[in-house]
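Turn these sequences into a full structure, and let the hints steer you where they fit.
Residue numbers (our numbering), protein chains in the order written: chain A, 16 to 387; chain B, 16 to 387; chain C, 16 to 387; chain D, 16 to 387.
Calculated from the structure, these hints are not laboratory results. The beta-carbon is built from N, C-alpha and C at its ideal position, and this holds for glycine as well. Some hints here could point you the wrong way.
Chain D is nowhere near these chain C residues, computed Cβ spacing over 12 Å in every case [unchecked claim]: (1) R17; (2) S55; (3) A61; (4) E66; (5) L67; (6) E72; (7) D90; (8) G91; (9) A106; (10) A135; (11) D201; (12) G242; (13) Q244; (14) D347; (15) G355; (16) A379.
To give an idea of the interface, some chain A residues facing chain B are shown, with a C-beta separation under 7 Å as derived from the structure [as the list claims (entries may be wrong)]: (17) V174; (18) A185; (19) D235; (20) F239; (21) M252; (22) A262; (23) V268; (24) V270; (25) Y281; (26) S286; (27) A300; (28) L302.
Pulled from the structure, derived: some chain D residues nowhere near chain A, Cβ distances all over 12 Å [claimed, not checked]: (29) A128; (30) A136; (31) R171.
One letter stands for each residue in the lines below.
There are 4 protein chains.
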Amino acid sequence: MRRLRLGMVGGGQGSFIGAVHRIASRIDDRFELVAGALSSDPDRAAASAAELGLDPERSYASFSDMAAAEAARPDGIDAVAIVTPNHLHAAPAIAFLEAGIHVICDKPLTATAAQADALAAAVKASKARFFLTHNYTGYPLIRQAREMVARGDLGRIRVIQAEYAQDWLAVPLEATGNKQASWRTDPAQSGAGAIGDIGTHAFNLLGYVSGDHAVALAADLHSFVEGRQVDDNAQIMLRFASGARGAIWASQVAVGCENGLRLRIYGERGSLTWAQENPNEMIYARLGEPRQILTRGGAGLGVGADRWTRVPPGHPEGYLEGFATLYLDIADVLSGKDVGAPLPGLEAGLDGMWFISACQQSAAADAAWVVR
Amino acid sequence: MRRLRLGMVGGGQGSFIGAVHRIASRIDDRFELVAGALSSDPDRAAASAAELGLDPERSYASFSDMAAAEAARPDGIDAVAIVTPNHLHAAPAIAFLEAGIHVICDKPLTATAAQADALAAAVKASKARFFLTHNYTGYPLIRQAREMVARGDLGRIRVIQAEYAQDWLAVPLEATGNKQASWRTDPAQSGAGAIGDIGTHAFNLLGYVSGDHAVALAADLHSFVEGRQVDDNAQIMLRFASGARGAIWASQVAVGCENGLRLRIYGERGSLTWAQENPNEMIYARLGEPRQILTRGGAGLGVGADRWTRVPPGHPEGYLEGFATLYLDIADVLSGKDVGAPLPGLEAGLDGMWFISACQQSAAADAAWVVR
Amino acid sequence: MRRLRLGMVGGGQGSFIGAVHRIASRIDDRFELVAGALSSDPDRAAASAAELGLDPERSYASFSDMAAAEAARPDGIDAVAIVTPNHLHAAPAIAFLEAGIHVICDKPLTATAAQADALAAAVKASKARFFLTHNYTGYPLIRQAREMVARGDLGRIRVIQAEYAQDWLAVPLEATGNKQASWRTDPAQSGAGAIGDIGTHAFNLLGYVSGDHAVALAADLHSFVEGRQVDDNAQIMLRFASGARGAIWASQVAVGCENGLRLRIYGERGSLTWAQENPNEMIYARLGEPRQILTRGGAGLGVGADRWTRVPPGHPEGYLEGFATLYLDIADVLSGKDVGAPLPGLEAGLDGMWFISACQQSAAADAAWVVR
Amino acid sequence: MRRLRLGMVGGGQGSFIGAVHRIASRIDDRFELVAGALSSDPDRAAASAAELGLDPERSYASFSDMAAAEAARPDGIDAVAIVTPNHLHAAPAIAFLEAGIHVICDKPLTATAAQADALAAAVKASKARFFLTHNYTGYPLIRQAREMVARGDLGRIRVIQAEYAQDWLAVPLEATGNKQASWRTDPAQSGAGAIGDIGTHAFNLLGYVSGDHAVALAADLHSFVEGRQVDDNAQIMLRFASGARGAIWASQVAVGCENGLRLRIYGERGSLTWAQENPNEMIYARLGEPRQILTRGGAGLGVGADRWTRVPPGHPEGYLEGFATLYLDIADVLSGKDVGAPLPGLEAGLDGMWFISACQQSAAADAAWVVR
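Pasting the structure below:
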């Protein structure tokens, strides 16, 4: 099977998520990175390309140059990964979609609703595919959970509790020049704070697993760190189309929390509890029976979870493997194969944009309900 | 030191909490049960008294008879434990307070605001003391947590996340004649569902530990079980006097949860995480340092937590010991000794009544904020 | 039901295990402490008795006086708890047995083989009963485990891994005058170090649960703390009558361990894992199925575990309740009731003495096998 | 930096460890797989090579052809990964070493002492380097542990408890034609059972972390599964050069255990506890202080653990990343860079061979001590 040729926009030296995408794309050996517009700073772009062993000719000064040039090459890239700050998602994505090149875009979709609208139009107009890397959907046990809910193992869902707590912004890190903190806390670049950076992951995940849609939310957003221009803590209540209720707590000031994404979903007959920091285990409770410890690839699981597991149970897979699974799936989709699980794309992106804007709208109205 | 003479109202055969109070009162050997009005059913009252080895003369047909007779005896009871359903707290408590007998009352304070007002007046008018058994405040690590917050170990508090999840009412147990379920789901007897039965514990606990006061709440209450007349699931957002934000999730339909009371409190410099089901451990995080596992009576704790621990660390104490600590403290208070920690009483009870009524008022207004 | 009258030998001020026995005897209200020879120091004996509210007339200067006097009283004690250091178990136990008074003796049986022989003869000659407080057998999940093994849930047992690790003797505490450390590290008073103090508990527990008998052991004993006269660390390999293999690690110098008694038992078809520090949970694995989390009194357990549980699942019971269960069972046995689980007595005591002496004999032969 | 050219011997279709080596070699993008002798079956070799996108010309029928041809090419491989069953490690390793090509060999070193001697001679005679993939040494927290022990954080080491428990051989899987089970339980191919397959990992790891050397061991080996020709359970006692004591339990019949490699190391002043199945956490206890939870890349760690961590704390890395770290280090070593941690090679391999043979020798003498 031919490796797909991958380009990258953003992800130069100092980038966090760019390196993650590159490792993720390599793990299952379905992509080969061959081109990039790695930085808006030409020197950094060139140095980054050299470090990665790219052909200097395919290290571009801008994403528009890159889209044009790669589309014109017989050996041009099949897909591009866009790993820039949020406000720079839409423009390159549109450029590549218009050039007929598949787009793999980091989340959230965009920084503004206007950008999202433009991108949505481009996706619909293009023959190329658009993928959004809500990477936590790549964890095998998350897919197992989704299957279990879908086939009714838990009965009708009643309550969904999600949370995503970190502490890296408990202090004004943006005031120190930290690159990651700076753009994430600048409303012009990020569009939102904790709700966009991590809240969207939690929101996406609970929808992915439950198959349910939030129809209303009430959000109490707050900035605890003095001078911060975006929310760093959010308490959110949710109502779902099915009648289920739920809550999301997203915080970047929760001292002691590293990357505390956690999902609990309760139905009439059963429940599932999963935490990202030890993603190879999930607790499955059935009413009136002892709780079970499900493990990735372990005893008693359905076929679903096995598909995306590379090493036997007890040999932990982690964040990079979960991310890699999205790349593996994308390669399969682009090769015309059935993947067996939905892949986040435009719809998930627009859903996340609704979440962000509904939170902000609710907060502006003292946490009143915002109905979709 | 003379054992205090204890009476009991309620707690006859089939009672859950009556037996708990009796064990709790025995563990530290400061009380002796000598009288009771154990049931409103005379036969059950007599049978229960016989089982407990009470003098038949001191097994009373009613709490009013008991209050009068015990007050008149030279060896009358020092204190009475009231362990009846919520709507039967106020009347006996008032009777004993008026008779000059100390009252140890189960929570919540009462089933209605009118009952609470009457009881509050009686407490203020009496020389006798009134205690409310918010038993989870008796856990040594909860007291350790309170001390740590009070002395500033965590810095200014930002976020408080509490939850209390159970699953025993995931099905319509009240329809089966189950006694515990029946009165707890009857609004006339309980006054509220999950928010009163368990939510008040969570609310009390977060106030006890944080020393902070909720000034506003928004509550989305729901009954998932068909035909149920009280709430069985509650999502609640909180705002505190200090500016902190928080949330409580209380549910009695959370399949797989036994008695999942959990408290997390985050300050500027540190956080604490504690779960009732393994109460001998608490996680203490300090910003920029590895998390610590504090243990009851264990290495590195302050004097506070040692006072209420009976056996060395690693020898687990549990629910009954935590409950017993309230009885121990009450005995000390009644003996004029300093206890070293606040004991829940009328104020905590009224605070809980505010919580219940504010939740109901908020829910009636589609989860609008209710400000204290 | 009449409360049984209990006496106590040892357990005066400063005793650890005496206070534990007293609480344990009170929890289920089946015993009343009425007499004692609480200390060999007359002043301390009197002061201790006064603190406990004993009738001064029934505070004795010696166990022999006590045995004689109590046997002669119409309201004399039914049973005596012996909570002295190991070398002082045999003499009082024999005295009370000869006086026809039931004996509840702390473990291990005695400090020497000669004492054990004498005590065994007395037990056999007496109509009174002899109980040994291997208290960890009182945990409900231990009894659940025993039932599960007995009825074949695990299939034929293959491997048993037990350990008991503490750190309180990681430093020469005995050199500081610490009373608990001093007698436990004095061979004349204790007869052995870690193997006697805690190793016997592990050995007893694995036999209790497995129903199997160790037929050979090889022990590598060591004293890490300079100047210590008894073992403070032991690695022990075991062979069982059934063909199963096993190991015990007992250590009192394992920094970070509080009271780390842990048992794992593996059969052909299943396994159980239990740790004393969180005794309300046990992991049950069945070959080819997800592991289950069994909880005390929780969903899906057999009748066995329910019998010895006082509060619902999720309301943790601990060390004192486990200990209390032995007292509850003893009260039932002495009242002629069926208990439903074996209670440790002389046989368990002699088994423990074999364990201690076999370890010492093996260690003296450079850890050669000692065959029973 | 030029990617190193990698070849592979073994690892064709159906291989477990070959796929692991390939992923591990890709994660950090320092190797490119360009040649292979992937199977002794020519058809499977060709099909496997095609699947992996190898140039057909560089898919060889035998390792000897491959060594000769690659050594002769200007663009020949820099290193070869040998991922065959144990008895087929020595011959290819020697061939490539003699051809001047670096060798990355799976563990254990060989199946027999004679093979080990021959290989050792070849390593010493060659200018090429020899690496042994004891992959668990690549976990960042294992390297953190090693540093902490080396700089004395724990004080003098007293006790080391290691275990490696699995259950996949709890039934006679080898009788079903399972390829992995078949060669591992065939003495001619594997040389040993559980002690070679997993025991050597535990033995290697405890030496790696402690820096101590076992000078004597006593091993009780057993085969529980009927008809099995190698050990499937091992209880091993250890004595170390420093005077420390320890134990290893290795089992492949421990129902409920997936890949339970666990290490605990106790010194005079501190201890460390680590378990492979959740490798991103390690408990660090200091005498008289609360235990700490160290996390990979997390707060308060030394520089050491940061070097080998790709994503921030809370983003779990797993088995593949730990394995990849060995490949990363090997690339650095072959590029003349300092690595900062020892890499397992011939010495570790010979140490493992001593362990295996000493276990077998001890078992043959009824678990007598075997002194190095």
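Practice prompt. Report the numbers of all earlier hints that the structure fails to satisfy, in ascending order.
Written response: none
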